[in-house]
Amino acid sequence: MDDASNNRRIDTASRIIMASPQTIYQSFLNPEELVSWLPPKGMSGHIEMFDPREGGSYKITLMYEIEHSNPGKTTENTDVVQAKFLELVPDKRIVQSVKFNSKDPAFSGEMVQKWLLEANSVGTEVTIVCENVPEGIRKEDHDIGLRSTLENLALYTE
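Residue numbers (our numbering): 1 to 158.
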């Protein structure tokens with residue numbers, strides 16, 4: 001018997017950022033900072049609520065700023081995301097549950113997103129691991145979005 005969860009996609013992205021793990025970790029804990037770098041290129045964000053602690057959560061609306069080929073998950077031009085902090089290990093790891101507000105079952109379910117911070121001689125290697133990526137999110141689009149977010153984080157923290 002097949003377990004459907006074994007068929008769920010895992011997407012990853014990684015980048016060396018010339019900033020300390022402490023600086024990068026702190027950029028997750030302030031809503032103004034988070035919303036300034038988290039939305040990928042072509043999007044902006046608005047945080048509606050924010051509780052930065054293990055078990056805490058936040059709600060962010062991502063808005064497309066430019067014409068795009070794929071519709072948003074919540075409306076034509078927005079993705080509303082409810083995230084919950086599952087684990088916060090200072091300067092090392094942030095694990096969160098991410099759920100999209102969508103009536104489309106292709107975007108439903110819980111995606112677990114792990115942000116791993118590893119200090120090295122030039123800064124910090126930041127790795128994002130997304131488990132159980134909803135099938136409606138095209139891998140190519142997700143890869144571009146993850147790389148864009150890492151680029152934004154680098155620009156913000158370096």
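Heads up, some of the hints might be wrong.
Simulated restraints, written as ranges between beta carbons of each label pair [said to hold, decoys possible]:
1) Q22 <-> E54: 13 to 21 Å
2) L155 <-> S108: 28 to 36 Å
3) E135 <-> D91: 16 to 24 Å
4) V112 <-> S148: 29 to 37 Å
5) E131 <-> S20: 20 to 28 Å
6) Q82 <-> S121: 35 to 43 Å
7) R93 <-> N152: 18 to 26 Å
8) R8 <-> S121: 31 to 39 Å
Distance condition first, Cα-Cα at most 30 Å in a straight line; then the derived DSSO-like pairs of lysine-lysine [stated by the list, open to error]:
9) K41 <-> K103
10) K92 <-> K114
11) K84 <-> K114
12) K84 <-> K103
13) K84 <-> K59
14) K41 <-> K99
15) K41 <-> K139
16) K103 <-> K92
17) K84 <-> K41
18) K99 <-> K84
No lab work stands behind these hints, which were simulated from the structure alone.
Every value quoted in this text rests on a predicted model; they were computed, and no experiment measured them.
Even for Gly, the Cβ is constructed at its ideal location relative to N, Cα and C.
Right, here's what the structure says about each hint:
no., hint, verdict
1, Q22 <-> E54: 13 to 21 Å, "holds, 18 Å"
2, L155 <-> S108: 28 to 36 Å, "holds, 32 Å"
3, E135 <-> D91: 16 to 24 Å, "violated, 34 Å"
4, V112 <-> S148: 29 to 37 Å, "violated, 20 Å"
5, E131 <-> S20: 20 to 28 Å, "holds, 27 Å"
6, Q82 <-> S121: 35 to 43 Å, "holds, 38 Å"
7, R93 <-> N152: 18 to 26 Å, "holds, 20 Å"
8, R8 <-> S121: 31 to 39 Å, "holds, 35 Å"
9, K41 <-> K103, "holds, 25 Å"
10, K92 <-> K114, "holds, 11 Å"
11, K84 <-> K114, "holds, 12 Å"
12, K84 <-> K103, "holds, 20 Å"
13, K84 <-> K59, "holds, 9 Å"
14, K41 <-> K99, "holds, 21 Å"
15, K41 <-> K139, "holds, 16 Å"
16, K103 <-> K92, "violated, 35 Å"
17, K84 <-> K41, "holds, 23 Å"
18, K99 <-> K84, "holds, 9 Å"
Hints 3, 4, 16 from the list above are not met by this structure, while the remaining hints are.
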